[in-house]
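S.K.: Protein chains in written order, with the numbering used here: chain A, 451 to 842; chain B, 60 to 368.
Calculated from the structure, these hints are not laboratory results. Keep in mind that the hints are not guaranteed to be accurate.
Unchecked claim - A few chain A residues that don't get close to chain B, going by computed Cβ distances all over 12 Å:
(1) 459
(2) 494
(3) 531
(4) 535
(5) 551
(6) 711
(7) 781
(8) 787
Claimed, not checked - FRET-style restraints, in silico, Cβ to Cβ:
(9) 725(A) with 349(B): 38 to 48 Å
(10) 349(B) with 505(A): 30 to 40 Å
(11) 492(A) with 292(B): 38 to 48 Å
(12) 355(B) with 836(A): 16 to 26 Å
(13) 836(A) with 327(B): 36 to 46 Å
In this text, a Cβ means the ideal position worked out from N, Cα and C, and glycines have one as well.
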Amino acid sequence: MSEGVSFDDIVRDRHIVVCCGTGGVGKTTVAAVFAAEGARRGRNAVVVTIDPAKRLANTLGLDALSNTPREIDRQRWDPAGTAPPGGRLSALMLDTKSTFDHLVATYAADDDQTQRILSNRFYRNVSTALSGTQEYMAMEKLYELHEQGGYDLIVVDTPPTRHALDFLDAPRRLTRLLDNRIFRLLMMPTRAYLRFASAAVQRFLRTVSRVVGTEVVDDVVAFFRAFEGMEEGFRNRATSVLALLAEPSSSFVVVSSPRRDAVEEAAFFAERLAESDIPVEGLIVNRVHPAFGDEGVEGLRARAEALAGKHLDAAPATGDGAASARRLAELYTNLADFRQVAERERHHMAGVKARAGRAAVAYVPFLSRDVYDFDALAEVGGHVFSRHARVD
Amino acid sequence: MAGKGGVGKTTVTATLAATAAGAGLSVLIVEVEGKSGLAACFGQAPLGYEETELAPGVRGRTLTPDEALVDYLEAHGMRRISKRLARSGALDIVSSAVPGMKDILVLGKVKSLEQNRAADVILIDAPAAGHAITFLMSPRGLGDAVRVGPISRQSTEVMEMLADPERCQVILVTVPEETPVNELVDTAFQLEDRIGVQLGPAVVNACYPDPGVPESVDDVQQLADELGVFVSPREAGDLVAAAGFRRERFVLQQQQADRLAARLPLPQVRLPFLFTAELGPPEIEVLAATFAAQVDALPESSRGRVTVP
């Protein structure tokens, strides 16, 4: 195996970058950082965001769901005018339902079939609320942008799912539903299924009807009948999406924070992706506290206690000395607290780095303000890409 | 208990449980989204479907849709069906057809726990923020798709429970930072407008304690000289840098907590950031004491809603 890649390699060479990780670790921010960096290096970059924080959305020129990429005024991300002329930056905010509707229209034989599906209640449920649909559509949008061509770099944020691998499985979910034996029987002409279905299926349907009502079953039947002839297209599409993600030009970057739970999820995630033959190429640990020197926590706490003792000794005599001792003890306790945070974070980070294999690793410090404008995005980028030489 | 991922929702759930138990109430914590560090907060092994005691007065359990469905059907004289549904994996198929189905099963089970008076207080460690809305919206959405049958009845009863402030309220948790505060405000309005659920006090977690007045390295040296102790220049620099960092964060956090108060007319409970290692029973006790003291200081009207079972 050759040397692992660096974040510079990723942002320069990769066609697709998928940012994943648990919620609350700054995944959307990292996705924006990658796209902006790509543009600054002369690539035509687009970032697909999912539910970005309002101010970041404003920065990216997204005030509402927009299913087609909008180009961001060059002046905003390259005010100094130093980026190569080919550099362009666009963004979109995933609209799950529109993406799904578009997909249906693509594979439907005619407008009539499209309309029958779009107006079906079961379809509306699936397209807006089926768990995993958002993940599915994020991958679908990625594929659409890839097929449509033109973009050198497509960066995708993933939904903040607790089960962080759902998006890999998502495209298969619908085809699995379509493959289900019972649903195949349901595609027989209306009500005929009740006559032709086997006794077991009849029992099953009666059971389902008793629990959720016959209307639901009827909706499902209507949906599958409307869907007839489209399964093949959907199945092929799902296979292509997964194949695209597994290509060497696609890169997965895991975003984490230096907390125990986030780090454990990140390591777990990297291992699971590796099992699917999709190596994680980068690991970004976000919001790392400063170290504040290198003194041991115990020594500092002992010092604080000794000073607090001094304060007690001094108390009866001079009020001033007591206040000074208390204040200095507080300062030592505070330093000990932050040293303890730093040591704990470094322990977690060492653990995750050991489990990350050949992935590039970058640490982004705790910034004193929220990251939502291009200056701040560039600042984060400075800790990830070697322009400012701070990788690992 | 609801809040964005990473804000310490689980810690706050454990804190509220310890507070309520400290007030003499029996507490049942229900975990609905798989593993969390909840049991670890009480120094116990991860929770399972069977209730376990986490601390005196505090019990805990998990609740999954499949188990809730089997319980439900068995309780309604459909034992044979429940077996068949479980065997055929039908729940997955049905829940694909009826989104919110799994959520309603879980909420329905919570409702039956409540009606059976399983504890004075039942705390649900809800899914992370965006999903919490979907979770609590499920009975309404389901009412649209399923209009008859037991599941439909279940939705109606769950909606009644959610809308009754005497029976149910949502406590939103955040940290004093810009994005989490914005999300809490959005979630709060959505929950009130779309579900009509009563909101308890907003909990602002992980607030830095007041750092006191600023010092320079010279000030530190002066303090040391006065006390006749030695502080190396380098150490003085670290002391000042660490104090400065905390002060900077403290000011920003105050601004965010105040902004939250201005945008959301809810009482606030602020919990301190704990520097000590991973959270366990002693830390939860500290947080619970702070929580109780602040709840006592709240106006009577909002306080009552926090502690009355």
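S.K.: Compare the structure with each hint and give your call.
M.R.: These are the hints, each one checked on the structure:
Residue placement check: residue 459(A) keeps its beta carbon more than 12 Å from all beta carbons of chain B (closest about 30 Å). Taking the minimum C-beta to C-beta distance to chain B, about 29 Å, the non-interface status of residue 494(A) holds against the 12 Å cut. Residue-level check passed: residue 531(A) sits 30 Å from the nearest beta carbon of chain B, beyond 12 Å. For residue 535(A), the shortest C-beta to C-beta distance to chain B comes to about 34 Å, beyond the 12 Å cut-off, and the non-interface label holds.
Under the 12 Å C-beta cut-off, the non-interface status given to residue 551(A) relative to chain B holds; the minimum distance is some 17 Å. Taking the minimum C-beta to C-beta distance to chain B, about 6 Å, the non-interface status of residue 711(A) is violated against the 12 Å cut. Distance check for residue 781(A) against chain B: the nearest CB is about 5 Å away, which does not clear 12 Å, and the non-interface claim fails. In this structure residue 787(A) is not separated from chain B by more than 12 Å, as the shortest Cβ-Cβ distance comes to only about 4 Å.
A hinted range of 38 to 48 Å for the beta carbons of residue 725(A) and residue 349(B) is consistent with their spacing of about 44 Å. At roughly 31 Å, the beta-carbon separation of residue 349(B) and residue 505(A) lies within the given 30 to 40 Å, and the hint holds. Look at residue 492(A) against residue 292(B): about 47 Å separates their beta carbons, and that is inside 38 to 48 Å. The supplied range of 16 to 26 Å is broken by residue 355(B) and residue 836(A), whose beta-carbon atoms lie about 55 Å from each other.
As the Cβ distance of residue 836(A) to residue 327(B) is approximately 44 Å, the hint placing it in 36 to 46 Å holds.
Going down the numbered hints, you'll see the structure goes against 6, 7, 8 and 12, while the others check out.
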